[in-house]
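Asks: Those protein sequence lines, which keep their order, are chains V and L.
With the numbering used here applied, the first sequence corresponds to residues 1 to 330, in that order.
With the numbering used here applied, the second sequence corresponds to residues 1001 to 1303, in that order.
Possibly wrong hints are sitting among the right ones.
Here are the simulated lysine to any residue pairs, SDA-like style, with alpha carbons at most 20 Å apart [unchecked claim]:
1) V:121 <-> V:168
2) L:1255 <-> V:168
3) V:121 <-> L:1239
4) V:53 <-> L:1087
5) V:93 <-> V:117
6) L:1090 <-> V:236
7) V:142 <-> V:278
8) L:1090 <-> V:230
Source of the hints: derived by calculation from the structure; they are not laboratory data.
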Amino acid sequence: MAELLDFEEPVAVLLKEIEALSLMPQTPERQAAIAQLEARAAELRAEIYRNLKPWQRVQVARHPNRPSMLDYVELLFTEFTEIHGDRRFADDKAIVTGFAFFHGEPVAVVGHQKGRDTKSKIYRNFGYAKPEGYRKALRVMKLAEKFNRPVIVFVDTPAAYPGIESEERGVAEAIALNLREMALLEVPIVILVSGEGGSGGALGIAVGDRVLMQEFSVYSVIPPEGCAAILWRDAARKVEAAEALKVTAPDLLELGIIDEIVPEPPGGAHQDPKAAAARVDEVLVRHLRELRDLDVPTLLDRRYAKFRSMGREGQAFTTVTVAGGGDQAG
Amino acid sequence: MAWFKKTRKPIETTEKVSRVPEGLWVKCPSCGRALYHKDLAATLQVCPHCAHHFRMSATERLSMLLDDGRWTEHDAGLRSLDPLGFTDTKPYRDRLAASIEKTGQQDAVIVASGRLEGIPVVVAAMEYSFIGGSMGVVVGEKITRGVERALAERAPLIIVSCSGGARMMEGALSLMQMAKISAALGRLDRAGVPYLSILTDPTTGGVTASFAMLGDLNIAEPKALIGFAGPRVIEQTIRQKLPDGFQRSEFLLEKGFIDMIVDRRELKATLGRVLRLFGHRPDRARPAAPEAATGDVDAPAGA
Ligand SMILES: [Zn+2]
């Protein structure tokens, strides 16, 4: 059974009842009662997930059992072949890269990997990538370009690693270079924010022709706790910060930052990874097909225009007349 | 696109005072000496005794870099619409209004055309006193337009960063400005037009992780704080104090992420020299008045 979140408490009560009943000798009556309770629990969970608040979505996005990049690779890809290292310093385990077949087509796959149990979390540095992770990602994307293969990216990180070695090896430069070079990469890039889109650490591998988000994923300029600590001077105000920051998939769709929301099964992707993967599969296939036939200049012009329009006149800013002049578009 | 332009001759008395506390005398935080206000203005806000670099406003920066202290500002009227309707302990709209009132600017960057030692350039100078120089949609749009202008005119681009990073109050839209500007810089890069990134105290967060680190040359002022994560965030992560000088210009030079540290009093001459070394020449054929720059297409030697 998946680990339950605080707001799933009403479901937890039912699950305990089910557990208690199932430990008793089974009779047709008890089995009927269990089935009824299970149906009720599923209904209740679906109901709760239809009305998740932004902070609750952050919790779901961070759920330890949420399917990871490697889970999706296993469910949707074949012959995945991992590629290691940035050829500069090290192999960053928080970003996984490689090639695989997707519906028979060879593709490059790049994604953050957080780890699930204590040991794998430490191995993956909790998904906090260091400069070498971003450099490895770029190296593999350049290989994809060389061999004319599309790139599929899974985004799921709290942030780029905020530590001494990150700074001294130039994490800012590594992310910046990826932003510039991904904008110019001459093959299709499809991004799926599959968990936590943690600011620059996420964006550093998230420039592409399509940016998709799973229903309960989040994408934010700063973690709500960090924002609360700075603006409210109290990290406990994270619930309000999560609301204010507009981190949910519907918010980002409305802001024009993502192209499409990939629905999740009731109760979130962690309740049913296979069902979640099936929805991801359908959406990836469709977008790759749309992008496949574009010639490179068109592809790159559209990619440029896509990011160019983020924060548009009228939507995000306006032009006022400045006292004493200032130029205006004519 | 056609542009109407305004030539601005900054008036010293209203715009020079910003970075130094009120009063006739200022105490240097580095050497402790009392400095006369007007002397400091004459030394480009650098302490004449210990070379401490005081923070500079965007207009002071443009004055020191551009010939005769003259420039043509672009897109001065761009103003944020508060796209998230953001409120923390007070509405972002109020913070914006207060910053506009305080600085006389609409947002945290001025983008301008002018000449640097005779070479036509596009310069973006960030204004730290406008919400910490943070980058939201207006900063992103103005700088992107500046990059596109530099590309269209084949004029070298100079961006002077002074910023705490992406602006939280505009959420993920602020984050996306990193990608937007970097994409534009990619086009400039491939077109062979120089981009010089000037990193001043402080340059952190999403500004460092995008355009500030993408210069053909990254040039820092002495002892500037330059980094991605803020020092306090790192200290919380590693649970220990950071060594002295960590994330300062000298540290980044040592680690190989900036090309040179230049004293502000030498900065203009250095930029002029670098641009000449990159094959750009003073354009003496045309008059120096900025109006003449309208629709300029500069054809640099060797490009
Ligand atoms: Zn001094």
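Asks: Evaluate each hint against the coordinates.
Replies: Hint by hint, here is what the structure shows:
no.: 1; hint: V:121 <-> V:168; verdict: violated, 23 Å
no.: 2; hint: L:1255 <-> V:168; verdict: holds, 6 Å
no.: 3; hint: V:121 <-> L:1239; verdict: holds, 19 Å
no.: 4; hint: V:53 <-> L:1087; verdict: holds, 17 Å
no.: 5; hint: V:93 <-> V:117; verdict: holds, 15 Å
no.: 6; hint: L:1090 <-> V:236; verdict: holds, 17 Å
no.: 7; hint: V:142 <-> V:278; verdict: violated, 29 Å
no.: 8; hint: L:1090 <-> V:230; verdict: holds, 13 Å
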